Every structure is written in C-alpha cells, then in structure tokens.
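Protein chains in written order, with my numbering: chain L, 1 to 385; chain S, 386 to 825; chain R, 826 to 1209.
Rather than coming from a laboratory, the hints here were simulated on the basis of the structure. Treat the hints with care, as some may be off.
Stated by the list, open to error - Distance condition first, Cα-Cα at most 20 Å in a straight line; then the derived EDC-like pairs of lysine to aspartate or glutamate:
# : chain 1 : residue 1 : chain 2 : residue 2
1 : S       : Lys708    : S       : Glu470
2 : S       : Lys807    : R       : Asp924
3 : S       : Lys804    : R       : Asp924
4 : S       : Lys735    : S       : Asp439
5 : S       : Lys804    : R       : Glu933
6 : R       : Lys996    : S       : Glu805
7 : S       : Lys572    : S       : Asp658
8 : S       : Lys823    : R       : Asp924
All of these numbers come straight from a predicted model, not from anything done at the bench.
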Amino acid sequence: MLIGLFDGLFNGISIGAVLLIAALGLAIVFGLMGVINLAHGELMMLGAYTTFVVQNAFRQFGEPFFEIYIFFALIAAFFVTAGVGLILERGVIRYLYGRPLETLLATWGVSLILQQFVRSVNWVLVIGLAVFCVLFFGGLWILNHRQNRAFHKWAIAALLPLSLGIAIAVGRFLADTYQLAVTRPWFGAQNVDVSAPTWLRGGLPLGNFQLPYARLFIIALTIVCVAGLYYFLQRSPWGLRIRAVTQNRSMSSCLGIPTQKVDALTFALGSGLAGVAGCAISYLGSVGPNTGQNYIVDTFMVVVVGGVGKLVGTIVAALAIGTVNYLVGSGTLAILFTPIQPLADFFTFFATTSMAKVMVFALIIAFLQVRPGGIFPQKGRTVDA
Amino acid sequence: MIKKFNRRKFLVYGSATFGTSLLLKACANDETTTTTSATNASSPTATGASGGGDTIRVGILHSLSGTMAISEQSVVDAEQLAIEEINNAGGVLGKRIEAIVEDGASNWDTFREKATKLIDQDRVVAVFGCWTSASRKNVLPVFEQKDHMLWYPVQYEGQECSRNIFYTGAAPNQQIEPSVDWLLQNKGTDFFLVGSDYVFPRTANTIIKAQVAEKGGRVLGEDYLPLGNTEVTPIITKIRQALPNGGVIYNTLNGDSNVAFFKQLQGAGLTPDRYPSMSVSIAEEEVRAIGADYLEGHYAAWNYFQTVETPENQRFVQAFRQKYGQDRVTNDPMEAAYIAVYLWKQAVEKAGTAEDLAKVRAAAYGQTLNAPEGTVTMQPNHHISKVVRIGQVRNDGMFEIVNSTDSAVEPIPWNQFVKETKGYACDWSDPNKGGRFKAA
Amino acid sequence: MDAVSRIGARGKRQAFWIEAAIVGAIALFLIIVMPVVLSNFRLNLLGRFLSLAIVALGIDLIWGYTGLLSLGHGIFFALGGYAISMHIKLEDADGGLPDFMSLYGGTELPWFWEPFYSFPFATFAVVTIPALLAGVLGYLVFRNRIKGVYFSILTQAATIVFFNFFNGQQKLFNGTNGLTNFQTLLGASVNTQSTQFVFYSLTIILLVGAYALCRWLTSGRFGRLLMAIRDDESRVRFSGYNPTEFKVLVFAVSGALAGIAGAMYTLQSGSVSPRLMDVAFSIEMVIWVAIGGRGTLVGAILGALLVNYARSFLSEQFAEIWLFFQGALFLIVVTVLPDGIVGWLKSQGIQSLRGRKQAFTYPSLEEDPEIQQERQELETKSSE
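When you get a sec, could you build the whole thing from the sequences and use the hints?
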C-alpha cells in the first residue's frame, strides 16, 4: 500500500513536471503579457530539433563528449527558441498587443508555418529565404534612409515581387544544378531520433519498481527552471521591470521603463523556456513536426487552472492535473474504490488513457465553476481584461 | 422622388426578366444534365479514356501533410520508384505511366474528396493509396460506387474483402496470428496488449484475445493511447501490475506514441529479456526515428525486412537508395506498395487493356511476382500470399530475422478466431461467391 | 419629423426587398445554373462548401457580432453529422445492427441509438443536440463570467475531449473510422445524382434560411445588444441587462447552425468521423470568417467559399504549400486585413472607387451596419 502510494505520488509528480516545464514559458507569456501563444508547442518542437542537431554534432566527437551533449543541447535550445521568439515578437506580436483573440489566430498561423517549415526545410528553402530577406529588407532599409519619399509606396510594391522572383529563381537554379544535395529535406516529415546519453537511460531500482533517470532528470530540470525564473523575476533588475510592466504598463512607461524592450525580453524568455522544455520532452517522447501539437492544449489547461500571472498557481495546477491524470488513467482509483462497486465501475470506465482525458477535462470545468479565476486568481480591479 | 421610383421599377423588372431567363435556360438544359450524369454514373471508366495517346494515368493518394505524412511519404517514394522503373523499361502496353499524386492530408474527408477527383476528374485507371484503415474505409464506398480499383499497400486488421480493392499488405493471418503463435511457443503465455486508440489496434486485439484464449494463454490487460499522446506512465504502471513477473507485451501502437512508449519502457526497467514486446507497426523507418538504442532486443512481425536475402531485394534496396539517398531505408509497406504497382502492371499486360477494369481485375488473379520479399501470388480474394517473418531489432537499426515460414501463407481476410466471421471466406473469381460467403 | 421617419421606414423596407431579391436571385442561380455548368464532382464540392458556409454564419454570429471566439464548433458540426448518419445507418441495417457493430462484437443496439430509427427525431436531433450542448457548455462558462481567451481555450479543450470520446468508442460510434458507407435515406439511394442534387438544393435553401435568421437576429434590438456585449460587456451589465442569457442563447443558436451544416456536409461527403472534431478544423472555421470579414454575414459566406476553394486548388497543385499558405493567411488577416475582405471593401475599396475619402474617427464605427444605414438615410434625405 505504502509503495503503491509512493508510486502514485512519484508518477503524478513526474507527469506534472513535464506539464509544468512545458507550461512555464506559457505562463510567463500569457500571465505576464496576456498573449496567447498557440505557437508555444512549435517552439518546444524547435527546441527538440535543436537537441537533435546538437546530438548529431556531438556524436562525431565520440564517447566521452557524447555523454555530456545534453547540457549543450539545453543551452542551444534555449537560445535558438529565444531567438525565434524574439523574431516572432518583433515581427508579428508587437502589433497585436491588447487584442488577445487576434494574437491567438496569428500565432496559430505561425505554428502551421513552423510545422511545415521543419518538414520541408532544405538548402534551397534556406538560401531562397536568405536571398529574399537580404533583398527585401535591405531594399526597405535603403528606401527608408532616402530623403525622397515620392515613390515610396510604389517602390515597396515593386520590391516585393522582384525580390520574391529573384529568390525563387535562385532556388530553382540551385535545385537544378545540385539536385539531391540541396533539395533533400534536412529533417523530412519523419520523426527524428533523439537518444539520451547512457547515464539517462534505465532507472534507479527501488524495491519492486524503478525510478526512470529521464524522469528524475526532468523533475530536477523543472525545479532548476522554476527556481531560476523565480530568482530572475524577484531579484534581478529586469525582473523588477517585467513585474512593473505587468502591473501597470502606462505608469511604468511614464517612469522610464522601456516597455517595448521589456515585452521583447519577456517573450524571448518564455520562448527560451519552451525550448528547454522541448529538449526535456525529447527524452520521453517523439521528436517530429507534430510534437508541439501534443502538448499545447494540456499546457493551456494548466495555465487556466493555475490562474493568470501567478507562478505558484501554475506549479500547483500542473502537479494536480498530472496526479489526477495518472490516478484515473492507471486505474489506481478504480482499485481504491473496489469495496464500493458502483464507484469502482465508474472509475474503471475511465481507466484508459483516452477516457482519463475526458474525466480530467470534466473536472477542470467543474473546478472553474467554483473558482473561475483559477487556483490563485489575480486580485484587483484590472481583472476585466 | 421620380429618380428613386425609376430605380425601383428597374430593379423589379430587371430581376423578373433575369429570373425567367434563368428558368428558361434551366428547362432547356435539364435534359443534358440528366444525360451527362447518366453516362457518368453508369460507366465511369468506359468514357474515361485516361490520358489518351501514349500515357496511362494512375493515381497516388497518400497523406503528404498532417500526422500520417510521417509514414506515407516513403510509400509514395516507393510507388514512384516502381513507376519510374516501369517507364524506363518501356512502360505498360507500350504506354508511359503518368502518376497523379494527391495529398490526403491525414484527413479522411480529404481522402474521399481526392479519390473522387482522381476517378471523375483525372480519369485514372487505378489508384495506389491509403495507409490508415479509416482512410481506406472512407474511400471504399467511392471505389465501390464507381466500380473502380484501389491498391492498398499496408498490413491491416482484415474483416473486409472488397471487389474494388487489392490488398498487398498482410491480412491478420499473415502477420498477427503467426506472431502470436510464435510468442506462445517461445516467449510465454501471459500477454498485455497496448494499442493506439483506433480501429486497427482494437480489431487486432479482439483477434489476439480470441486466439490467445483458444491456445491456452492469458491476456491480462489492455490499454489504448489516443493517437499522438506521449504520456505513457499510466500504461507502464498497468503493465507492471498485470505482469509482475514478466510477460509478453503485444504492441499495436502507431506513430508518435511508439517513441514515447519504448523510451519510457526502458526507463521503467521493463527490459526485453523479461518483457519482450512484439510490434506490428514498427519497421525500419520507425526504428530509425525511435532510436535503435531503445528498441534493441524487441521483436516485430512483417513479411518483409530490409535484411531479407533475395536478389530482388538487393536490387530494390539499391535502386531505392540511388534515387532517394544512401541513408534511406526500406520497409514492409514500402515494399508492398512497390510490388502493388508491378502486380497491376502484370495484370494490365495480361488483360491487354488498362481501361477495362473488369478485365484487369480478372487478369490479376493468380499473378505471381518475384518480389523482394519472395514469391507472392495474387489470390482470388484480392489479398496476396506471402511469407511471414519475425525479426529482432539489432543495434544498427536493422532486423535480425529469427523466424520465417517455409512457404508463402495463404491470406484469410475474414478472421477465423472471431465468432462473427468464423467460417466465412471471400472469392471474387466466382460470381456466386463474392466478398463474403459461408465456406463449406 | 413624421415625414422623415416615414421615409426612413420606406427606405428600410425598400432595402429589405432589394436584399431579398438579390439573395433569392443568387440562390436560384446556384440551384439552376450551377448544376449545368459544373461537373458532378465540382458540384458536390460546391455543395459541401456551401454547407460549410452555414457554420461560418454561426461563427460570425458569435464572434463577429458577440465577440466570443469559439474554437470548438467542430463538435457541434460533427454532432449534427452523427445525428443524421445514425439514422441512415439504422435504415441501412434494416432492423438489424449497423454493419460495424456486428463486426466489432456488439450484440445489441445501445439505448441511445433507438430513437434514431425515426427520421423526424433524427432531423430534430441535428438541431437540438448541438444547440443543447452549446447551451449547457455556454451556461457553465458564461455564468462565471469566463470570457475572452479563456472561453476560447476551454472550447478548444472541449474539442479534444469530444474527439477522444468519439474516437475511443469503437462499439458505439465506430471509433476513428466514423460512420461511412451510407446507402438509403427515406428509401432513396443516397449516392445517386438526383438525391445528391436534392441535398445540394436543400443546402442552399438552408443557407438562405440561416442567412435570413442571422440577418434578423443581428438587425434588430437583439443584434444591437450582441454588439454591445462585444464592445463593452460590463456596460451592458450596468444598464440592467444580463449578458449571460444572451450569450448562452446566441451560442446555442450558433451551435444549432453548426449542427445543420454538419448534417448537410455529412450527407454530401458521405461520411462522418471524429476528424471533424479536430482542433485544427475548428480553428480553420474561424479563419474563414476572419478572411471574409467578421461582423458581416456576406463576408462569412464568402470567406468559407474562398478559403475552401483555395485549399482545394492549392492542395491539388502543390500539396506542400498549403500549410505555408494557410499560416500566411492567418498572419495576413490579423495584421493587414483585420476586417476581412468584405470589411476592407466596405471601408476602403468602395470609397476609393467612388473617388472620395472620408476622415475616419473611429474605424470600428464605420463598419457598423447601423451607422451605414443612418448615413444612407441622411443621403436619401439630402437628395430630395
């Protein structure tokens, strides 16, 4: 019984930890900025792909280095996704502040593009894209620095198809001359394999069952991330600014806080955390174009249940949802209620993984009836967002 | 005021005349509509002189986007390789094959729409396509109504035998049943069934349960994961509870869940020496995506492995790598898709026509081919007889073939372990028997 | 004063008749001319897209007018489809079990299938089941003043739940495969050209009906209230209304429209499966409305047709580009074309065509049909 309880607790926490690390970045972006980022899952996916690339690079160095690639992968994943997040924020999202529903649609569009991007990315696409960016944005830059504004609009209108055409022509030319060498997709539509270093495989035997190292690692990583985030927000000057902007944007702006920089930084931070999460989940699940889609709804549920703007809420919600999911899905509850026949039957019906999800959702709806604002609702008059 | 009145008048008269003209036009055209639709409905292929001239059009219908693109893309590659080879060797009946590739987008509705388009719009003479059972079930009515022809290259759950589909993958008795027998003899009698939450695993598990019970084994639990779910901790707990001292895991998971399952299985210490698993959806490509480190020692049942030693296979693997890159691997559904094209070509050549589908169908029965997997024969029940093999994953990601049947196994589409279909068989060469008749 | 109001009323009536005539003419055109011009395959495609336009209207009603972004309309859409297909499957089975049940070891008909033997009940269910579900879900959510993005996320989660549920119930709903292979409805073979033409015409009639309903709902006092909820819900509450009731009602209506659309879609596509409850499909519905122009009913219909034709065309030509294109659509519509095509035409295109420019103080005011109406009335008055 005791070992069963421990087992349940550990597994609940380990599922919760995965949810938490995936939801952490979302909680920042959504909680602090009010931005719904449906591309969060795809940022995780990018993190996982970064891990894949780093792993392959380290494989060439041979045995002792391969064992520690994971730490480099974590760092690389953080910076790559943070960079993508930064581009996303500067390019799209900053025009949409205060319009959450529009952000939702835009980020969904971004997620579709990212998915297809990893499927079909190859040298032709990358080079074509680079050529286009150089021509178009370079042209824009020159135009903007000219004094004569007479043909400004027409110049832009001509620039777009022109640079697009040149980019496509270059791509075509490359594809025709170098054939497979440049047209072969880097990753393709298939899943790619990310293998954990040997010390992360297997588990710590503990009586009848064993604690998987990968899970322990993720739990540790989650704790580190939460602690680091807490420290950053509460103790660092930029954290202070982020909190200030969260509480009152216009007042912070008046006091000289560069709100735009703060926004960009916050979004990049959230995206970077998504990358770390992507690196972590690549040791549990698959790495493929659809990886992100598997997590996005679950993580949003965590944030909604936790309440916006409070990290504590997110933590509690992730652990609670993880534990409930495990207890229902594994049939532990059904066994627990064996003496009471109808209850046991009821829980047995839900004791498959897919039905457990149904149950968890019903519970979340029920919970929101009692506490519409989540576990730790935001207080104050600005709730009416 | 006057101006306004005129405008209203104009509008009234205008719309009235417009309406009557429409009606008149409709009456005049009504007959033509019915006639065209009548010809369309009665014989889509007779009018469908496909491609005309010196090409024969065939359709390729797989998911190139969405969740299933992972698996189906490489099947398309194999089909196109076969078509290219045939064209280089002079084509069919002296005509080039022109393949029209459509994307089913992992969406059953789209599959249906594209199947209709291929048949009605592009006038293809045969379609090679589908992977999931759901997509096949969704296009099946289209092919039956239009009396057309689909070549389906993937192992599936059986319980179906359509006149308009040729199944070049394994029927359950050519994959699942022999593998269960082998497990019962060599690996133990206690089973746990894991599957994705859709029709193939559920039907397969129904069959396995019946079979295991009949042969004296025990199925101690089963669970299903939603497609794409990667949280398998609850299932691992259940396995440990059901089989505390080891036992056989029969795995019909599909796609992403497999990766999660094997990674976490290893983490939880359920190793293949105590918990050997038999998979029916894991082939060379999947091994590569999961990582051989996690799979080494587990088993899979197929008709074809890349390691099969036949001269045809060496040629196939080499041709495939030459076209698509040296690091690509071949697997069972790809091989089945590849031979589907060749079997169709043989049937067309025997029939002497590609357009008359009834003749092509009749000519297909009894066609044999020296396929990479060994000699296969198209049976009158639209399935092919093939050798069954069981492979164990090696550390290089290839399979060590540990068992294979001596000769090709005859396909049985209607399952004989399930009581609803026990005693039924299928024979399309005899008009009195058809898709489902009670065998004597 | 009296004369002015009379003229205003007459102008309104006149506008009404003109609009009715145009709608009728388009409907007749679609029913009579299109079958002649298009091949059967294309006609079937058009019929399905038109039924998708019905659900787009429903989404426009709640999103464009009331400001509730539902990402779960796939549920209602699919439920409508399931309701009608269950009837067809029972009719096909001819007193026995539907084919899939006997194959997967079902021995007796589940109780909730029983009422679907009756066609009137099935058609009734097409409307009421989605409406009821939407009502209940809406009540539970709106009661607690959960709104905005929270509502969207909850509806999105709901799609996953329903997807899992329908997907997992092999014996009850044939799981992933869904219900396919329809034979007869009311004794008529479903797959013949003539029956399909009836479905096609019925879709158009229902679309016209849905349009009329939405037009009526949005033009009167009720519509103004919906827009008030969209623009400032708290203020509506302070003026003594209870927005919850209105939101629940309009969400239920929207669900019912989705159910009807789903049924017509299913009849013409020939199958219904849990795929219709896919998260992506529900979000796609939103983009139809966004592209066409939210807050304009014509825009919703146009958007549904345009995007679906674009998809059908693009995925026929270059399968890989479709996702890029779709993603780009989302981005364009929120950044460059926030009012959609129709909204843009209204605010920019027509003005620039006329060659005069108006100074906008409040862009959102300009697209308001009420204000357009008022301006028109002012113009007719000044021309006299």
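Assess, step by step, whether the Cα of Lys804(S) is no farther than 20 Å from the Cα of Asp924(R), and give holds or violated. 15 Å, holds
Restraint check for Lys708(S) with Glu470(S), where alpha carbons must lie at most 20 Å apart: Roughly 11 Å separates the two Cα atoms, so the pair holds.
Pair hint outcome, Lys807(S) versus Asp924(R) [Cα-Cα no greater than 20 Å]: Holds, because 16 Å separates the two Cα atoms, which is no more than 20 Å.
Pairwise hint evaluation, Asp439(S) against Lys735(S), where the allowed Cα distance is 20 Å at most: 18 Å, holds
Just to be careful, I want the Cα atoms of Lys823(S) and Asp924(R) compared with a cutoff of 20 Å; is the pair within it? 17 Å, holds
Holds or violated: Lys804(S) and Glu933(R), Cα atoms, limit 20 Å. 16 Å, holds
Are the Cα positions of Lys996(R) and Glu805(S) separated by 20 Å at most? 14 Å, holds
Straight-line alpha-carbon gap Lys572(S) to Asp658(S), limit 20 Å: The given pair, whose Cα atoms are some 10 Å apart, holds under the 20 Å limit.
Taken one by one, the earlier hints all hold for this structure without exception.
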